[in-house]
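Colleague: As a plain string of letters, each chain reads:
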Amino acid sequence: MLGYVLRRLISVAFTFIAVSIIIFLMMHSVPGGPFDGNDMPVSEAVRARMMERLGLDQPLHVQYLKYMWGVLHFDFGVPFQSPGETVLELLSRAWVPSLILGGLGVAIGAPLGILLGMAAALNRNSWIDYLASAFATLGLTVPVFVISMLLILVFAVWLNWFPASGWPSPDRWVLPIAAYAAIPLATYARYTRSAMLDTMSRPFVTVLRAKGLSERRIVFQHVMRNSAIPLVTVFLPMFIGTATGSIFVEAMFRVPGLGAYFVSSIENRDYPLEMALMLMITFMYCIAYLLSDIVYALINPRIRVGGQA
Amino acid sequence: MTDVTTQVETPVVAPHQRQRSPLWFAWQRFLSNKAAVAGGAVLSVLILMAIFAPLITPVPPTAQSFLTESLAFPSSEHWFGVDNLGRDFYTRIVYGARVSLSIGFIAAAFSVLIGIPLGALAGFFGGTVDWVIMRIIELFSVVPPLLAAMLLGALSGGGYPTIVAIAALFGWVQVCLLVRAQVKALREKEFVRAAQALGASPGYIIRRHLIMNSVSPIIVGFVLAIPLAMMLEASLSFLGIGVPPPTPTWGQMISEGIDYMFFYWHLAVFPTAALAITVLATSLFGDGLRDALDPTLKGR
Amino acid sequence: MPLVEIEDLRVSFRQYGGAVDAVRGVSFTLEDGESLGIVGESGSGKSVSCSALLRLLPGTAEVTAAKLKLDGIDVAKARRDDLTRLRGKSAAMIFQDPMSAFDPVFTIGHQICETIMAHRNVSRRAALNEAEELLLRVEIKNARDVLNYYPHQLSGGMLQRAMIAMALSCRPKVLIADEPTTALDVTIQAQILQLIKKVQAEFGMALIMITHDLGVIAETVDRVLVMYRGEVMEQGEVQQIFDAPRHEYTKQLLASLHASFEPSREAADDTPALELRELAKTYIVRRRSGLRVRHVDFQAVDGVSLALPKNRILAVVGESGSGKTTTGMMAMRLTDVTRGQILVDGTDISTLSREALKPWRKRMQIVFQDSYSALDPMMTLTQIIAEPLHIHGMGTAREQQEKALEWLERVGLDRSFASRYPHELSGGQRQRVAIARALILGPDVLVADEPTSALDVTVKAQIIGLLKRLQAEMGLSMLFISHDLSTVKSLTDSVVVMYRGRVVEEAPTERIFADPRHPYTRALLAAVPATNPRDKRERTFLSADEILAGIPRMGAAEAGTAANDAPQLVTVAPGHRVETYVTA
Amino acid sequence: APALAQTTILAPGQNTVGTYMDYMKTVYDRATFAELLQIPIATFDKNFELTPMAAESWEQSEDGLTWTFNLRQDLVWSDGEPLTAEDYVYALERAATGGYDFAWYWDFAGGIAGWAEVTAGEADVDTLGLEAVDDYTIEVTTNAPKPYLPSVMSLWYPVPKHVVEELGDDWALSVDTIISSGPFEIESWEKSNNSVVFTASDSYAGPWPAQIDRLEVDPTLGAPEVGLPAFLAGDADYSFLNTGQLPVAEARYPDGIRRNAVFATSYLSFDMSSEPFDDVNVRRAFYYAIDRDELTSTVLRDIAIPAGSILPPGYPGYNPSVVEQAVFDPEMAQQYLADAGYPDGEGFPELEIWIREEGGYNSAIVPAMAQYLQAEFEENLGVSLTIRSQPSAEWMDGLLNKRGKLFISPYEYDYLDPSNFYGIFYNGGRHDYHVDAYDEVVAEADSESDWDTRYELYAEAEGIMIEEGMIVPLVHPITTAVISEELGGEASTPNELGFTPLDRLGHYFFTHLTK
Ligand SMILES: Nc1ncnc2c1ncn2[C@@H]1O[C@H](COP(=O)(O)OP(=O)(O)OP(=O)(O)O)[C@@H](O)[C@H]1O
Ligand SMILES: Nc1ncnc2c1ncn2[C@@H]1O[C@H](COP(=O)(O)OP(=O)(O)OP(=O)(O)O)[C@@H](O)[C@H]1O
Ligand SMILES: [Mg+2]
Ligand SMILES: [Mg+2]
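Protein chains in written order, with my numbering: chain A, 1 to 309; chain B, 1001 to 1300; chain C, 2001 to 2584; chain D, 3001 to 3515.
One or more hints might be untrue.
To be verified - In silico negatives: residues of chain B with every beta carbon more than 12 angstroms from chain D:
id: 1; residue: 1027
id: 2; residue: 1040
id: 3; residue: 1051
id: 4; residue: 1056
id: 5; residue: 1069
id: 6; residue: 1110
id: 7; residue: 1121
id: 8; residue: 1153
id: 9; residue: 1257
id: 10; residue: 1287
What the hints assert, rightly or not - Computed Cβ-Cβ distance ranges for the label pairs, DEER-style:
id: 11; chain 1: B; residue 1: 1207; chain 2: C; residue 2: 2548; range: 46 to 52 angstroms
id: 12; chain 1: B; residue 1: 1203; chain 2: A; residue 2: 52; range: 55 to 61 angstroms
id: 13; chain 1: B; residue 1: 1028; chain 2: D; residue 2: 3379; range: 38 to 44 angstroms
id: 14; chain 1: D; residue 1: 3329; chain 2: A; residue 2: 159; range: 39 to 45 angstroms
id: 15; chain 1: B; residue 1: 1132; chain 2: C; residue 2: 2121; range: 42 to 48 angstroms
Don't read these hints as lab results, they were simulated from the structure.
Quick caveat, the model's predicted, so the values are computed rather than measured.
Heads up, the beta-carbon is just placed ideally off N, CA and C, and yes, glycines get one too.
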């Protein structure tokens, strides 16, 4: 296991570096710089002065190496759009609402999705199945900003049950989390259904029945566990992916999370912040994949003992 | 030698049965799946509508012929109403199918074209090939498509080609992973050994056995790639970097429709419904296709 | 009241292009404690009938019966929880295919325990103890470890035994054993049969034994039911069936038991068709002790040399796991060779590249042991059988198809099977398809790995007849890997006995049956089931240590070779070599 | 005051990114309503009358080059330090050396002597034409006479020199170190979305003290899609509206609807240095090819009015005779295009029309207008265009580096004088235009002290602009908002022109609002 984790870590490092180079190059090839967003252009002299101050006058590879050297020391620089704090401080501040939103969204959506998928699989081709499938498809096809808007219109404007938007108090979390949960819910319902159906057609299920095990035990213990194997590989990356927050949900519900920074850092050419955000996602995805591999190995004895990485 | 080989087997099945090709059976299986047939029918209608859009719409999609009636609600004259620029909304929706469907299908086709070979190679050969392909996959799964689209869009000027490229570039990962896993599992199966024993080349084995046995993940991947691409288009439109107007796309109409949702509901409802119906039809059709093409699923 | 009452059971499977009537009016009853044997050709509906009794058939099956009662309960009308109570308790089933019968993500111990605990109110600890005991009784020596193993860590034979243990753990009123010993070599088979009989006596359990091995029938049952084409041909006391079969099919069945074939003609050319020289295979396996994982070498095949003369049939027999399949796979260059040479017609092919190998592939074919996974589930039978022609680009698509259909018939399958898929076939049917595919290219050398293990006797005889005929017609040389000693005896020219990766004895067929020298060979022959219920007897079994201790010893002078610490093959008669300790 | 009696106003903001809570540090990424914390030299009231704030009075020297501002003496910083002339002078000196996006403003608009040299780093900051004569007197020297200088000074806010010298620019980053001189003090500042909470200042002794206790501003409410639901749910006291929301809001709050003619203009601009827009006839053709009345009565109904001049109606210098020239005349347009060698649009290259991704009121106007124009040009000129939408950095880059050829450019006034709008085309300016005749007239007008002469000169300048086809004025935006019935005070009612400028006149609005 240790060797395996080490090997994975090397791959992760590789990906990390590759992503950082690609993103860095892409960012700097986009026309326009951090001082070009204004209504009136900045004079050459002033621009040169500003670029020098931010170190943007140096050759790209020097900038890159400097940045990465900083990263090695957990120094991600200072965001152009929020001077007075470091990128790290900004992230740790803005990440909290995104984490709550994403975390609760998945924590609520995924189990519901799994239940829905199970219900559909166990009642294949019944109305429950069709309803669940339709629900799941809607969740996947109606853009989340439409769902958000609908939730606001119905529950805040029309029924007046919840505040329309905002974040400070938990009663304001309900609608955004509901909007957010739609995605994992739909995804999970779909995946669970097909994984369960796959498992249930395997011969060992017949054997379990023949042994006289109750249907409940068969489903909840054996079928679930076997179906979990394909699910894990989608679950963790998705869970972590939510930590980046949904740009759309956050925008519609005025959640002061990370989402807006993804867009604004690109639009404002906020190189340090953009780089840090990308690296953060990379890092989290890599960790998530690593974790999901490990969890996968833990629940799949074939990998655990058989030892093919 | 005792003669026991005689007359043991006589046909049980009715003699009139003719030789049928596997495709015929697949077709029969498909036809018996009502939902899939319905999905297929809806999809064909949508595709036909997109192709013959000029024939079934009263005006061109960008013609601002009804400026004085702009924002009018659905009526017998304008089935889906009129948009803020005085364009017949039904026409816009029909033409929007062109963009959304083509983005969806091109992206899905690309993702299958890239995903299958790469996945099969990685799964079949393992080792270094697998390592390299897995790293590429990791690169693509790590960068969120939306952000990549923003950056690439800025680099290339954005628009339709960029969106298709992005959707294709990011859609294949799923297909590739699915195929890889499947091929990896199948590689150990004895029928692969059997083919080797018959002198089949790796290319032949991948083509004929491994990929054929991976139809179900491939179709699942294909079907999933379609809504993903369409949703990507919608999301990018919401951020204002989608296909440039006045080309009608559903995503763009939805994100604009949001602004009008309070009162002129038709501007949001119709494109959203169009998108949802298309994706629903596609996935029903895809599921049916998968079940039909996979004979071992028959019993289910 | 009888334990099992079946009257006019009919099962048909819905299918595109017509339904398959698998069972067409089967009736029988079974009393408490009685043993019933069901024999019949492959695909005659034996498994399906029994599955119907427990209502385990897939949704495409349509089951009708005038009466379908188990333990007094009408199975056809039983509710779900009634069924749960019936299953396991009233009747337990040993499934035909043990490889896929276990849930891959739970340990063997867990799966046996949960079975015990589902039926009896015992603690987990007690259940574990009982499970261990059961595993020991089915001859799994390291039972304590095996409890913690996952299914994929066990060999097919071990899985089959674990399956038996699991079925017995239910202490059912009737045990349905569907081919319970196909994956086992005869020695283990004999032990298992003995165990089943003992347990039956202990608990007064009834038994339904489904098999195509008349020897097994002779050894274990009181009454026999003969099935053919979904119908019961006749039933009666076991002795009566053997002595005075009434139905034509039964007569054929019994006749096939005593089938024999003419010995092969001597070939003029004496270069062997296939020769293996000191062939060895080492697997690297992981052993873990605590957190550390060690990689150790495992000698699956340890310096095997053998020669298959042209136009001959050479049997390879031996204990399960002794390396027979591995040897065959290496001979076909399907598994990398660790050491040694493979000579085909005098040419060493062990180092040829894939491209260079392609012409040889046409001349050498293999029939795989596991016919289920050897057939691509996505291809129709025609496609499968025609595939070799396709790969080698022989003939047009039409011709290929026509030829495939021809071969379908040659292996005794109807043309109507052409567009079926492998999963729609019974085990025997699949095996025949695999054989047809191997033979369609007209190879010179055939490695047949248990080609008849899933066949009923009549079809087996037919297939063997076919192989024999082809051998004569095409000059086929065959390496025949098998557990089935009666077939070996009647079919092959000479026999190689393998034990733990090595060849321990080698001799012409007649000689080895008449004068076995190696203790393992003797044990093997002693375990062959009787061919008539009259001859059944109590047996004793040798342990591995006893076998090692029994290896013959010889002086160097007598053996004609130098002394050695390790045993070596010594010629004791023309063509008869035995593994012997040569002492100074 | 006890918490219960507090009046709090919840307002939408504009910009979700805010760097410094310092009006004088940046322009575009400034923290929300940083101006409410400080007191400017002067500012505009609801009818756009310039009102003295920190300055009690000012006078211009004989030669018109020197201005003297006399400050109030009772002003203090919230930390108790007196607010002096030095704080104002220091604010601009710092902007000239450390800031960047004021360069144009104080150079062209303010015309402060030495500004260009100092910002370019060529001259010392002491050479700037600014001087604190004593604690309460400021002298400003300009390059040329600037009759409208006081209006420019509406953007002159102080910085606390004593704090900045200690903490540097960082003083404006944390609520703990920010001090104020204006009607409000800051209580909290959420940087993720640039939302702030202000409280009425106790120490403020200047004109226009706050009439409410607290002001909460949340820029995420700026978008009508988000703002209106929040308003309906009681989370905001007013909200801007988009076209789709108007019917609902009008039905529910017939008395709460407020409109404002923003002093802003959207116009077409060109790359005049290359084909096809180097030909004045092409540019003129575009000028005549637009039916502004149809545009604003249909597509932009309720959100814009036709623009015949760069100056919006009501803006000083607005000249009806200029506006009259902007007619829709497809035949004339065709003629011009034919003269340019593209009869019926034949041979005209396929061009992109570049639009900028916009927030605020422009987000509803620009994309829709682009589509309308595209259809119009196609129909009236036979010219086909594609629309290319770009974030502001890329758009500006395209404009300056002439990567695009045709742009829809929006501009909103900075200070209330025609020179503001004419200046954006002056000598390079925003578009790298160099039309000598135009530059001469504008320069002359800028330094002319007689208003009527200036008025004429600007009309002449715009005449040149039309002659040369430098721009095609399109529309002036209008914003619509709905305000809560609870809001009262002078600021909540329309001005003489029937418009309610709301937070466009932040200083006035938030100090004249009650609840
Ligand atoms: N799921 C199924 N769908 C269609 N046909 C089936 C299915 N299962 C079994 N059959 C058919 O039913 C018949 C009886 O099958 P069954 O498994 O009972 O044979 P069997 O007597 O057990 O043979 P064997 O000795 O080879 O195991 C066969 O012809 C088989 O092809
Ligand atoms: N890939 C592998 N890795 C490790 N060990 C293996 C592998 N394949 C086979 N073995 C081991 O090699 C030995 C020989 O296996 P083989 O399949 O040749 O046995 P066999 O004689 O054919 O047995 P059976 O009669 O049960 O089919 C067994 O102990 C098996 O566990
Ligand atoms: Mg069977
Ligand atoms: Mg074997």
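Colleague: Does the beta carbon distance between residue 1203(B) and residue 52(A) stay inside 55 to 61 angstroms, or does it fall outside?
Modeller: 57 angstroms, holds
Colleague: Hey, does residue 1069(B) actually stay past 12 angstroms from chain D on C-beta?
Modeller: It is violated; residue 1069(B) is separated from chain D by about 9 angstroms at its closest Cβ, not greater than 12 angstroms.
Colleague: Check the non-interface label on residue 1153(B): least C-beta distance to chain D beyond 12 angstroms or not.
Modeller: 9 angstroms, violated
Colleague: Once the closest CB in chain D is found, is it more than 12 angstroms from residue 1056(B)?
Modeller: 22 angstroms, holds
Colleague: Just checking, residue 1051(B) versus chain D, shortest CB gap more than 12 angstroms?
Modeller: 23 angstroms, holds
Colleague: Per the stated criterion, does the least C-beta distance between residue 1121(B) and chain D lie above 12 angstroms, as a non-interface residue requires?
Modeller: 39 angstroms, holds
Colleague: Does residue 1287(B) clear chain D by more than 12 angstroms, comparing its Cβ with all Cβ atoms of that chain?
Modeller: 36 angstroms, holds
Colleague: For the range 38 to 44 angstroms, tell me whether the beta carbons of residue 1028(B) and residue 3379(D) fit it or not.
Modeller: 54 angstroms, violated
Colleague: Using the beta carbons of residue 1132(B) and residue 2121(C), state whether their distance is inside 42 to 48 angstroms or not.
Modeller: Roughly 57 angstroms apart at Cβ, these two residues miss the hinted range, so it is violated.
Colleague: Is the nearest Cβ of chain D still more than 12 angstroms from the Cβ of residue 1257(B)?
Modeller: The claim is violated: residue 1257(B) sits with its nearest Cβ about 8 angstroms from chain D, within 12 angstroms.
Colleague: Evaluate the condition: distance from the CB of residue 1027(B) to the nearest CB of chain D exceeds 12 angstroms.
Modeller: Holds, since 44 angstroms exceeds 12 angstroms.
Colleague: Once the closest CB in chain D is found, is it more than 12 angstroms from residue 1110(B)?
Modeller: At roughly 24 angstroms from the nearest Cβ of chain D, residue 1110(B) sits farther out than 12 angstroms, so the non-interface label holds.
Checked against the numbered hints given earlier, the structure breaks hints 5, 8, 9, 13, 14 and 15 and satisfies all the rest.
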